[in-house]
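Undergrad: Each chain, written out:
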Amino acid sequence: AQSVSQHNHHVILSEAASLELGCNYSYGGTVNLFWYVQYPGQHLQLLLKYFSGDPLVKGIKGFEAEFIKSKFSFNLRKPSVQWSDTAEYFCAAGMDSSYKLIFGSGTRLLVRP
Amino acid sequence: GAGVSQSPSNKVTEKGKDVELRCDPISGHTALYWYRQSLGQGLEFLIYFQGNSAPDKSGLPSDRFSAERTGGSVSTLTIQRTQQEDSAVYLCASSFLGQTSTDTQYFGPGTRLTVL
Chain A
7 AQSVSQHNHH VILSEAASLE LGCNYSYGGT VNLFWYVQYP GQHLQLLLKY
57 FSGDPLVKGI KGFEAEFIKS KFSFNLRKPS VQWSDTAEYF CAAGMDSSYK
107 LIFGSGTRLL VRP
Chain B
113 GAGVSQSPSN KVTEKGKDVE LRCDPISGHT ALYWYRQSLG QGLEFLIYFQ
163 GNSAPDKSGL PSDRFSAERT GGSVSTLTIQ RTQQEDSAVY LCASSFLGQT
213 STDTQYFGPG TRLTVL
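Chains A and B, in that order, are what the protein sequence lines are.
According to the numbering used here, the first sequence is numbered sequentially starting from 7.
According to the numbering used here, the second sequence is numbered sequentially starting from 113.
Hints listed in this document are in silico derivations from the structure and should not be mistaken for laboratory results.
Hints may be right or wrong, so weigh each one.
What the hints assert, rightly or not - Taking lysine-lysine and the BS3-like style, the derived pairs with C-alpha atoms no more than 30 Å apart in a straight line are:
1) Lys64/A with Lys77/A
2) Lys77/A with Lys55/A
3) Lys75/A with Lys55/A
4) Lys123/B with Lys84/A
5) Lys106/A with Lys77/A
6) Lys55/A with Lys169/B
7) Lys123/B with Lys169/B
8) Lys67/A with Lys169/B
9) Lys75/A with Lys64/A
Stated by the list, open to error - For the chain A half of the interface with chain B, some residues (derived, Cβ under 10 Å), not all of them:
10) Gln12
11) Gln44
12) Gly59
13) Ser79
14) Phe109
Virtual Cβ for every residue (Gly too), placed ideally from N, Cα, C.
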């Protein structure tokens, strides 16, 4: 079955630390990949997306993600986190030409000032 | 412009009662989606509308769940005879065309449903 896995459920970092959140998907065909973020009390919003081309994609607020096809992964990174990055992060995938998004279970990030 | 809105923001109901959850998509968006987020889980797809039609109801967990969309705009998700396992946050999203996942989905704030 098609699925998206996020192995880190809770991450706690100090400000200025580097961040990497793992995301793996299980599907052998074409995928569109997304990271969404939900800040406390706010809507889920798109952080970045990958459809094709350069596997390193840059999003808002200094976030980037790298698509590694051989590893079925789309990890999210940020070189130096800020307290304001405290949020829940969701990885999602759209398989082939489907409109449907399959979400991972999310990672709660807490950044200590 | 205005984003996706949902009402109510919170709903507490007793087991066995019916509830209606409303979604107002972004104006002009033809595609509308309902998802459910249970505690500690990711978002689970429920149903997809293209205009007023629902070509994909595959995620509805039981026949107690139904949804409709009118005028190509507002959608209502109805849960009949609610059960405690229905407690979750129900999220609505809309996108311009919705024919593939390359069409960005914009999410509403959700309705938190608690069934006592």
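Undergrad: Hint by hint, which ones does the structure fall short of?
TA: Violated hints (numbers, rising): 4, 8, 12 and 13; every other hint is consistent with the structure.
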